[in-house]
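Undergrad: Make the full structure from the sequences, and use the hints.
Each chain, written out:
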Amino acid sequence: MADLTESLALTARPRTTGAVKSDQWRRRIGVLEWVGLHAVGLGLAIVFVLPFVFLLLTSVMSSDQALTTDLWPRTWHWENYAQVFRTEGFVTWWKNSLMYAGLGTALTIVSSTPVAYALAKMRFTGRNAALMLVISMMMLPPQVVIVPMYLLWAKQFHLTGTLWPIIIPLAFGDAYSIFLLRQFLLTIPREYIDAAKVDGCGEWRTLLSVVVPMIKPALVAVALFQFFYCWNDYFGPQIYASENPAAWTLSYGLQSFKGAHHVNWNLTMAATLLVMAPVIVIFLLAQRAFIRGVTLTGVKG
Amino acid sequence: MSATTFGRGATPATARAAAWTPRQPGRRRRQNLAALGLIWPWLIGFGIFFVYPLVSTVWFSFTHYDQINPPTWVGLRNWRYVFGLHAFWQSLGNTAWLVVVMVSLRVVSGLGLGLLVVRVKRGAGLLRTVFYLPYLAPPVAATIAFAFLLNPGTGPVNTLLSKVGIQGPDWFNDPAWAKPALTLLAVWGVGDLMVIFVASLLDVPAEQYEAAELDGAGPLQRFRYITIPHLRPVLTFAAITGVIATLQYYTQAVVVAQVASGRADQPGAPFDAGYPNGSTLTLPQLVYSMGFQHFETGSACVISVVLFVIAMAFTSVLLRRGAGFIAAED
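In order, the protein sequence lines correspond to chains V and R. Position 209 of the first sequence, counting from 1, maps to 209 under this note's numbering, and the rest follow consecutively. Position 56 of the second sequence, counting from 1, maps to 56 under this note's numbering, and the rest follow consecutively.
No lab work stands behind these hints, which were simulated from the structure alone. Note that the Cβ used here is the ideal one computed from N, Cα and C, for glycine as well. Misleading hints may appear alongside valid ones.
Incomplete in silico selection of chain V near chain R, CB under 8 Å [what the hints assert, rightly or not]: (1) 29; (2) 45; (3) 124; (4) 135; (5) 145; (6) 151; (7) 172; (8) 254.
Taking beta-carbon pairs under 7 Å as the criterion, some of the chain V residues facing chain R (in silico) [as the list claims (entries may be wrong)]: (9) 55; (10) 114; (11) 147; (12) 169; (13) 234; (14) 275.
TA: Below you can see the structure in the form of structure tokens.
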């Protein structure tokens with residue numbers, strides 16, 4: 001009996017200790033992996049944030065210190081930001097950027113939603129061809145048509161020197177926004193639209209009172225994208241408004257700012273951060289809508 | 001019928017492909033009119049802002065036009081001029097470099113960061129935000145910021161490098177380092193791809209990984225035989241849109257050339273496109289300098305047509321490969 005338990009224990013024991021050992025081992029590898037992953041994550045996060053940190057630190061240095069290799073400000077000059085706002089043109093550029101981005105976004109949403117709805121939910125001859133054209137326009141480099149476009153706005157409409165040549169076309173639908181909204185509209189079940197039709201709604205009624213309330217998150221995402229696109233646009237203002245500094249936007253004016261304060265990296269960095277700030281603040285407030293929008297462009301469908 | 005309702009919007013070939021045999025002509029016509037009621041403003045815009053300038057661009061490319069006197073037909077003269085231009089081939093070479101190095105590094109690092117965000121357990125949300133933020137930085141601002149960070153004399157990057165005993169390169173002032181420096185800027189802004197990859201990675205069914213693990217597949221094998229095939233459509237999308245974005249590469253190159261060459265410090269100084277030594281020159285910059293600085297309308301339009309042909313070639317690949325992601329619902 002004792003022999004038997006002994007032999008059982010003998011045969012059993014190595015197996016259990018082995019199992020315990022490999023269990024511990026696995027746990028240890030798990031811990032190592034956890035630590036390694038999070039260390040890499042933390043390290044990369046620091047690398048991605050560092051440029052912003054250096055900008056901020058340099059923006060509050062004195063003009064002399066900003067020209068040295070120092071990384072940390074000796075004295076903190078927050079008044080640099082006030083000086084940026086006092087620079088000639090800066091406030092005007094802010095206003096112009098807000099006008100271009102605000103009006104441009106509103107026009108884009110109003111003009112693109114009906115087209116996206118027709119492409120996603122209505123049956124008509126040539127729908128696929130229209131979709132292909134929207135995608136082609138989305139992919140087309142703006143420089144392909146820029147020379148005749150400029151001549152059109154300059155010679156026929158006499159609107160160069162203003163931002164209107166880049167705002168007015170948005171009233172006719174923006175390909176990227178149409179495509180994004182169409183992708184989102186595909187996810188809305190047909191039954192809602194059919195139900196509205198049965199209740200006697202026409203296409204416009206259906207769109208405005210049934211569809212639009214359902215796609216609010218997508219409209220927010222598209223509006224954000226368009227706002228940022230206009231805010232960041234450099235080529236458009238350069239082509240149409242470069243001759244008239246009173247019509248410049250922040251994105252276009254910023255590099256001439258470097259010219260006005262040519263050796264003052266501190267003021268240039270303060271201005272740079274002031275151009276980035278609205279975009280980053282809006283993003284942090286509306287992150288969820290945003291990420292959903294980015295995802296829509298590439299994968300869903 | 002398709003041609004009449006769609007007007008000049010459709011090319012004959014695509015219209016024919018999209019046409020169907022109407023079984024109830026009355027109903028079909030009603031539907032077409034209803035759709036037309038929604039899309040007519042876009043059709044007008046399409047004509048004015050796309051068809052008209054595209055046709056004009058092709059026409060101007062065969063003319064001499066100084067933007068004052070009416071254009072005169074010169075046949076292939078502009079084409080021969082542009083194709084004999086060193087700057088033209090240099091721009092194409094730079095674009096090819098950016099496609100090969102910048103686009104592939106962006107795809108690889110976007111995928112790497114995506115994998116990291118998906119696997120990290122604590123702070124994944126924060127990490128995603130941090131990786132995404134630089135993508136949002138306005139290109140002009142981000143470029144000026146990098147011109148400062150990588151400024152050879154006093155920039156923080158070279159300062160840090162010298163602290164560990166490395167003599168940093170001249171970055172934007174050295175023809176050999178200007179494109180790598182622009183690549184760093186592009187990789188910093190890789191957040192858009194990262195988010196797309198994260199969404200796609202989260203879509204991979206967990207059972208597939210579990211089943212593979214039971215069958216004894218290691219992490220590398222699982223990545224190779226489950227993750228990569230699942231991501232293939234997204235990878236294709238990222239690569240092709242990356243190529244098309246690179247064809248348009250403009251703002252960053254222009255701004256960095258102005259700031260690094262010191263031209264931005266001297267208002268009114270002639271713009272040194274592609275500084276240093278044409279190493280950052282791209283086709284869009286040639287369109288700008290020819291069309292808007294030298295008023296060689298015809299030659300600028302030749303380059304526009306070249307850009308158009310290359311962009312459309314890649315777009316057609318996207319349209320064919322991406323049949324899934326653009327497919328109609330009904």
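Undergrad: When the structure is checked against the list of hints, which entries are broken? Sort them ascending.
TA: As far as the earlier hints go, only 1 is violated by this structure.
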